[in-house]
Amino acid sequence: MIDLAPILAKFPPVKHDAAANALIVPQALALEVAKWLRDDPAYRMDYASNVAGVDTLPVEKKTKVKQPDGTDKEIVTKKPGSMEVVYHLYSMALKHGPITIKQVTTRENPVVTSLTPIYRGAEFQEREAFDLYGIQFEGHPDLRRILMWDEFKDFPMRKDYVEPDDYEYEPTPHDAVLAKAKAHYPKASTSTEAAS
Amino acid sequence: MTLLPTNTSFAADEGLRSELQKAGVFVVSLEWVYNWGRKSSIWPLGFGIACCAIEMICTAAARFDLSRFGAEVFRPSPRQADLMIVAGTVTKKMAPQVIRLYNQMPEPKYVIAMGACAISGGPFKQGYNVLKGVDRFIPVDVHIPGCPPRPEALLHALMTLQRKIENQRTLGSDARRTNPAYRGENRECPIPEFGEHDLVPPYNPEVWKPHTIVREA
Chain A
1 MIDLAPILAK FPPVKHDAAA NALIVPQALA LEVAKWLRDD PAYRMDYASN
51 VAGVDTLPVE KKTKVKQPDG TDKEIVTKKP GSMEVVYHLY SMALKHGPIT
101 IKQVTTRENP VVTSLTPIYR GAEFQEREAF DLYGIQFEGH PDLRRILMWD
151 EFKDFPMRKD YVEPDDYEYE PTPHDAVLAK AKAHYPKAST STEAAS
Chain B
1 MTLLPTNTSF AADEGLRSEL QKAGVFVVSL EWVYNWGRKS SIWPLGFGIA
51 CCAIEMICTA AARFDLSRFG AEVFRPSPRQ ADLMIVAGTV TKKMAPQVIR
101 LYNQMPEPKY VIAMGACAIS GGPFKQGYNV LKGVDRFIPV DVHIPGCPPR
151 PEALLHALMT LQRKIENQRT LGSDARRTNP AYRGENRECP IPEFGEHDLV
201 PPYNPEVWKP HTIVREA
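From first to last, the protein sequence lines stand for chains A and B.
Residue 105 in my numbering is what sits at position 105 of the first sequence, and the numbering runs on without skipping anything.
Residue 171 in my numbering is what sits at position 171 of the second sequence, and the numbering runs on without skipping anything.
Misleading hints may appear alongside valid ones.
[Claimed, not checked] Just a few of them, taken from the derived set where beta-carbon distance is under 8 angstroms, the chain A residues facing chain B:
#, residue
1, 138
2, 142
3, 146
4, 149
5, 152
6, 153
7, 155
8, 160
9, 164
10, 166
11, 167
12, 175
13, 177
14, 183
15, 186
[Said to hold, decoys possible] Computed list of lysine-lysine pairs in DSS-like fashion (alpha-carbon distance at most 25 angstroms, straight line):
#, chain 1, residue 1, chain 2, residue 2
16, A, 62, A, 73
17, A, 153, B, 93
18, A, 102, A, 78
19, A, 61, A, 159
20, A, 61, A, 79
21, B, 125, A, 153
22, A, 79, A, 159
23, B, 93, B, 209
24, B, 164, A, 180
25, A, 182, B, 209
26, B, 125, A, 182
27, A, 102, A, 79
28, A, 61, A, 78
29, B, 93, A, 78
30, B, 22, A, 180
31, A, 79, A, 62
32, B, 209, A, 159
33, A, 180, B, 209
34, A, 79, A, 66
35, A, 35, A, 15
36, A, 66, A, 78
Quick caveat, the hints were computed from the structure, so don't treat them as lab data.
Ideal Cβ placement from N, Cα and C applies to all residues, glycine included.
I would like the entire structure built from these sequences, with the hints used as guidance.
Structure representation (structure tokens):
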């Protein structure tokens with residue numbers, strides 16, 4: 001595993017996400033950190049292998065806490081949602097990696113800094129994240145949709161995306177597919193008439 | 001093989017015909033000769049859009065040898081093709097181009113939908129970006145299930161199509177009534193537009209209607 005301590009020492013605003021062993025980089029500093037990681041002789045992370053978007057919905061959790069007087073009190077904890085962009089950097093020169101870099105932003109206005117000026121290979125992958133998650137990459141030279149057509153308005157990989165209702169038949173529907181397929185069944189009264 | 005198509009009104013003495021055959025004289029209708037020529041030289045349009053295309057190429061190559069059926073002449077231009085083999089997943093982004101190719105083919109034209117994706121959307125059916133069957137936009141003559149179908153299945157589809165061509169009326173007053181290619185009407189399929197959420201319209205009501213499913217809820 002690569003020692004991340006020198007990066008954290010050099011850039012104090014960068015936080016370490018221990019669970020994912022990732023660096024959480026603020027947007028303003030992202031370009032500088034990436035440039036340093038690429039050029040520093042001890043790291044030389046010259047290859048951005050992977051750019052991924054991560055969408056997390058806000059979570060509302062209700063827990064019941066026993067009060068001293070015997071009644072239950074409900075405590076609602078809200079966890080805000082977030083939109084993340086995850087980069088995995090490798091070094092081809094020194095044969096090590098990966099270092100995981102995360103930029104965290106809001107779901108309402110997802111804007112992050114593009115690393116395409118540092119890693120040219122990130123260009124299409126950032127376009128894909130823009131296409132499917134709607135994440136804006138500041139400083140990207142050509143931010144257009146790449147997989148869906150230009151007229152498309154939705155962001156299909158977002159958790160709250162609703163796809164067009166364009167299939168009617170499913171041989172063995174279950175769960176969400178069952179709920180969707182049921183909307184296309186004939187009305188209950190007519191189907192019982194047909195059965196009788 | 002019967003020399004006369006089953007739907008001809010041509011009446012000839014069976015015994016006389018078989019006697020003549022022994023002497024090397026064949027009595028058939030002109031339509032039979034015409035259809036025999038058509039079914040034995042189906043020129044497919046050479047395009048593949050996903051992994052089914054690999055099976056299609058394999059079918060055309062030496063081991064399975066599509067040329068046994070006279071259908072090995074894959075044309076690079078829709079203007080010279082009779083048959084469109086939709087070999088693979090049709091994404092919504094690709095659909096207008098596939099329909100445009102179909103429109104550019106001359107009559108009479110046929111379509112084989114090859115594989116699970118082309119007939120129904122296959123494993124991508126519950127997704128947002130794949131057409132749930134190419135028959136939503138263009139008329140399909142033969143559907144082949146399979147993921148991907150084996151070359152034998154494609155050959156079977158071709159033979160099924162040959163049987164269809166064999167029995168089509170091409171001459172006489174019946175032809176206009178029974179063969180859509182001879183009706184003289186415009187068989188161009190409208191090309192859908194890219195909409196904000198889906199293709200507009202999502203299917204061509206001329207060729208496809210949503211199924212009504214009767215099932216206990």
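Here is what the structure says about each hint:
For the restraint placing residue 138/A at the interface with chain B, the shortest Cβ-Cβ distance is roughly 25 angstroms, beyond the 8 angstroms limit, so the hint is violated. Taken as an interface hint, residue 142/A does not check out: its beta carbon lies about 19 angstroms from the nearest beta carbon of chain B, beyond 8 angstroms. A hinted interface residue such as residue 146/A counts as satisfied when its beta carbon comes closer than 8 angstroms to some beta carbon of chain B; here the least separation is about 11 angstroms, so the hint is violated. Checking residue 149/A against chain B by beta carbon gives a least distance of about 4 angstroms; that is within 8 angstroms, so the hint holds.
Taken as an interface hint, residue 152/A checks out: its beta carbon lies about 7 angstroms from the nearest beta carbon of chain B, inside 8 angstroms. Taking 8 angstroms as the C-beta contact cut-off toward chain B, the hint placing residue 153/A at the interface holds, the least distance being around 4 angstroms. The interface hint given for residue 155/A is violated, since its Cβ lies 11 angstroms from the closest Cβ of chain B, which is over the 8 angstroms cut-off. Annotation: interface hint on residue 160/A violated; nearest CB of chain B at approximately 13 angstroms, more than 8 angstroms.
Using the Cβ-Cβ criterion of 8 angstroms, the hint placing residue 164/A at the interface with chain B is satisfied: the shortest such distance is roughly 4 angstroms. Annotation: interface hint on residue 166/A holds; nearest CB of chain B at approximately 5 angstroms, less than 8 angstroms. For residue 167/A, the interface hint holds, since its Cβ comes within 8 angstroms of a Cβ in chain B; the closest pair sits about 5 angstroms apart. Taking 8 angstroms as the C-beta cut-off, the interface hint given for residue 175/A is violated, the closest approach to chain B being about 11 angstroms.
At a threshold of 8 angstroms, the smallest CB-CB gap from residue 177/A to chain B is about 6 angstroms, leaving the interface hint in force. For residue 183/A, the interface hint is violated, since its Cβ never comes within 8 angstroms of a Cβ in chain B; the closest pair sits about 11 angstroms apart. Hint status for residue 186/A: holds, given a least beta-carbon distance of 6 angstroms to chain B, under 8 angstroms. For the hint pairing residue 62/A with residue 73/A, the CA-to-CA distance comes to about 10 angstroms; that is within 25 angstroms, so the pair holds.
A C-alpha spacing of about 14 angstroms is found between residue 153/A and residue 93/B, which places the hinted pair at or below 25 angstroms, so the restraint holds. Only pairs whose Cα atoms come within 25 angstroms are accepted, and residue 102/A paired with residue 78/A is accepted, the gap being roughly 23 angstroms. As the CA atoms of residue 61/A and residue 159/A are separated by approximately 18 angstroms, the hinted pair is consistent with the 25 angstroms bound. The straight-line distance between the Cα atoms of residue 61/A and residue 79/A is roughly 8 angstroms, inside the 25 angstroms bound, and the hint therefore holds.
With a C-alpha separation of about 21 angstroms, the suggested pairing of residue 125/B with residue 153/A holds against the 25 angstroms cut-off. Distance check on the hinted pair: residue 79/A and residue 159/A sit about 16 angstroms apart at the alpha-carbon level, within 25 angstroms; holds. Taking the CA atoms of residue 93/B and residue 209/B, the gap is near 22 angstroms; set against the 25 angstroms cutoff, the hint holds. For a cut-off of 25 angstroms, the pair hint linking residue 164/B to residue 180/A is broken: about 37 angstroms separates their Cα positions.
With a C-alpha separation of about 18 angstroms, the suggested pairing of residue 182/A with residue 209/B holds against the 25 angstroms cut-off. With a CA separation close to 16 angstroms, the supplied pair residue 125/B and residue 182/A stays within the 25 angstroms bound. The hinted pair formed by residue 102/A and residue 79/A meets the criterion: a straight-line CA distance of about 19 angstroms does not exceed 25 angstroms. For the hint pairing residue 61/A with residue 78/A, the CA-to-CA distance comes to about 6 angstroms; that is within 25 angstroms, so the pair holds.
Proposed proximity of residue 93/B and residue 78/A is contradicted: the alpha carbons are some 39 angstroms apart, above 25 angstroms. Pair hint residue 22/B plus residue 180/A does not hold up; C-alpha atoms about 65 angstroms apart against a cutoff of 25 angstroms. With a CA separation close to 11 angstroms, the supplied pair residue 79/A and residue 62/A stays within the 25 angstroms bound. At most 25 angstroms may separate the alpha-carbon atoms for a hinted pair to count; residue 209/B and residue 159/A exceed this at roughly 31 angstroms.
With a C-alpha separation of about 18 angstroms, the suggested pair residue 180/A and residue 209/B falls inside the 25 angstroms cut-off, and the hint holds. The hinted pair formed by residue 79/A and residue 66/A meets the criterion: a straight-line CA distance of about 22 angstroms does not exceed 25 angstroms. Restraint check: the Cα-Cα separation between residue 35/A and residue 15/A comes to about 17 angstroms, which is no more than 25 angstroms; the hinted pair holds. Of the supplied pair hints, the one linking residue 66/A and residue 78/A holds, its CA atoms being roughly 20 angstroms apart against a limit of 25 angstroms.
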